[in-house]
Amino acid sequence: MRSKEELDKIITEITAEKEALRGSFSDDPDKVSDLYCSLKGLNIDHLKKIFHAPEAVVEQNIFDATSKIIAGETIEEKASAVLSIFRPKNIKKTSRKNFKEDMRLLQGVFFFLLRDICKAGTFFASEERKSKIKELFDSALEEKSWYLPKKQSEILNKINKDLGFLKEDPFTDIDFTKFEGNYFKANEGVLRILANFMPPENETVPREKLINVINFVREHQESILKIFPNRKTSNYSQAEAHEEITKVLTNLEKLKELDFGFKDPDFTQMFFAGNEKFRREITCKFFEESEMEWLNKSPSFKLGKPIQATKDDRFTNRSALNHKFLYPERNRITHLGANVAVYKLFDKYSDQYTDSLKYEQILNWKMLVFQAFFDSYKYLCELKKDPAQKENTEKLIIILNHYFKKITDPLNINAANNEELWHKVFNFEEETENLALDPDEISKTNIYNEDVLDKDEFDHLKKFMSFLYCSENEEEDFFEKHAFAIQIYLIYLTLELAKMDKAKEKHQ
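Each step along the sequence shown adds one to the number in our numbering, with nothing skipped, and position 33 is 33.
In short, the hints are calculated from the structure, not lab data.
Treat the hints with care, since some could be wrong.
[Claimed, not checked] Ranges of calculated distance between the beta carbons of each label pair, as one might list FRET restraints:
hint : residue 1 : residue 2 : range
1    : GLU276    : GLU17     : 28 to 34 Å
2    : MET270    : LYS358    : 39 to 45 Å
3    : ASP162    : GLU419    : 39 to 45 Å
4    : LYS100    : ASP138    : 27 to 33 Å
5    : GLU17     : ASN275    : 51 to 57 Å
6    : ASN427    : ILE362    : 18 to 24 Å
7    : LYS100    : HIS460    : 18 to 24 Å
8    : LEU295    : PHE272    : 55 to 61 Å
9    : THR233    : ASP34     : 53 to 59 Å
10   : CYS381    : LEU411    : 20 to 26 Å
11   : CYS381    : HIS242    : 41 to 47 Å
[Stated by the list, open to error] Okay, derived cross-link-like pairs now, SDA-like style, lysine to any residue, Cα gap no bigger than 20 Å in a straight line:
hint : residue 1 : residue 2
12   : LYS424    : TYR379
13   : LYS277    : LYS167
14   : LYS358    : PHE374
15   : LYS297    : GLN238
16   : LYS49     : ILE11
17   : LYS405    : PHE464
18   : LYS378    : PHE464
19   : LYS481    : PHE278
20   : LYS463    : GLU476
21   : LYS40     : ASN212
22   : LYS226    : GLU208
23   : LYS167    : GLN238
24   : LYS348    : GLU289
25   : LYS455    : HIS402
26   : LYS311    : MET292
27   : LYS178    : LYS502
28   : LYS502    : ILE224
29   : LYS40     : LYS167
30   : LYS358    : THR283
31   : LYS499    : GLU222
32   : LYS144    : ASP175
33   : LYS481    : ILE282
34   : LYS499    : ASN215
35   : LYS395    : GLU474
36   : LYS226    : THR445
37   : LYS366    : TYR448
38   : LYS100    : ARG22
39   : LYS348    : LEU336
40   : LYS161    : GLU127
Computed from a prediction, not measured in an experiment: that's the story for all the values here.
The beta carbon of each residue, even a glycine, is placed where N, CA and C say it ideally should be.
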């Protein structure tokens with residue numbers, strides 16, 4: 001491990017190298033490539049010392065306000081200074097007059113990072129694909145357009161066509177000099193990408209590096225694109241509540257547009273017995289909320305009470321049958337927790353919580369369990385239409401039928417066979433309210449009750465539902481299998497959020 005003195009010397013040398021290139025690098029890609037190589041092995045803190053940035057708006061506001069508080073002579077002046085922290089404003093040009101030139105240089109460095117990522121990401125690809133991607137970078141160098149945002153956008157859009165992205169040409173206007181910086185400094189996202197995505201020689205980036213960027217993307221989104229209303233206050237006026245609700249509804253639509261996802265056409269899981277494989281097509285997105293709806297379509301408000309905002313858990317659970325979500329997957333990996341849908345069905349209302357829950361809450365949870373069975377059954381029946389998966393899908397339906405009969409036994413439903421049981425419990429003609437029984441009827445059963453499911457059965461059902469929700473018995477680690485696609489997708493999200501992080505949007 002390098003000593004602090006050695007690192008300081010390296011950072012000083014690289015900074016001098018950067019200063020020499022600033023403003024005159026476009027005709028010298030080899031020197032920019034050398035600069036990029038010298039950055040390898042440095043962490044985010046080291047990179048911030050080399051590519052120093054002006055303070056973000058919030059940080060600058062705090063600095064300015066602190067000065068005013070100290071200088072203020074009256075209580076009113078000091079109070080006004082405190083409030084100014086939370087007012088968005090445009091920062092004047094800092095003494096760091098060369099910052100934009102540094103961002104242009106970072107854009108040039110970014111080109112060589114992309115080239116490295118693509119080289120590592122296609123290491124096991126066909127020679128034809130390797131050659132096509134190499135040509136993208138070689139031609140950009142020959143044309144002397146390698147450092148231009150437009151050319152880099154063009155390269156990225158051509159790369160993602162082979163990665164199953166569900167939006168055509170999503171990379172637009174990735175000009176680093178236009179990033180303003182509000183909650184984060186203007187170059188924060190780019191430096192995070194550099195610090196984590198500079199790959200070892202001919203190797204994909206380790207999973208923990210992907211998780212680092214996933215953490216940053218989530219934090220950035222929560223800072224500038226809030227999708228949950230402030231529910232801590234009951235002091236809203238009708239107009240203020242309407243504004244808050246409208247804001248989060250608009251932001252949720254923006255989030256869904258932002259997080260379009262990419263396809264895995266061959267998501268493969270090992271079957272529970274033998275060496276058989278279960279294959280299906282799924283979509284990978286970043287945010288679980290990209291497949292979220294509000295219960296009753298919107299948060300609601302009554303004067304004198306906090307805003308009521310309840311997610312439609314059934315909707316997100318149903319989406320989990322053919323989706324992976326990167327941030328919840330990160331939680332599952334780092335915290336060794338259950339899949340989000342599995343947690344809501346099996347862990348959220350476990351025995352230690354039920355004593356404090358109201359009857360209505362318990363009933364809603366039991367309905368969610370029944371709806372999960374119904375949606376899973378319909379999903380498998382649809383998959384069974386694929387001749388290649390018919391046999392294994394039928395085996396999954398047999399397992400689902402077994403557990404459905406177990407949880408409905410306490411209801412004493414007279415049914416001649418499994419299909420009749422499904423149709424007596426659910427109305428298959430209705431798209432939304434599918435339960436054919438009186439909801440109070442299902443209060444008679446409980447998956448936590450050992451008379452319904454013993455511990456081994458409960459654990460197996462939980463594992464089985466996790467399998468259906470794309471989180472069990474995976475043939476390959478999802479992050480390793482899709483490291484290249486995930487990297488490019490995280491670059492897209494990081495740069496899009498950087499574009500959105502503007503002072504004028506602070507309170508939106």
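Against the structure, test the hints numbered earlier, and report the numbers of the ones violated in rising order. 1, 7, 8, 13, 14, 22, 23, 29, 30 and 36
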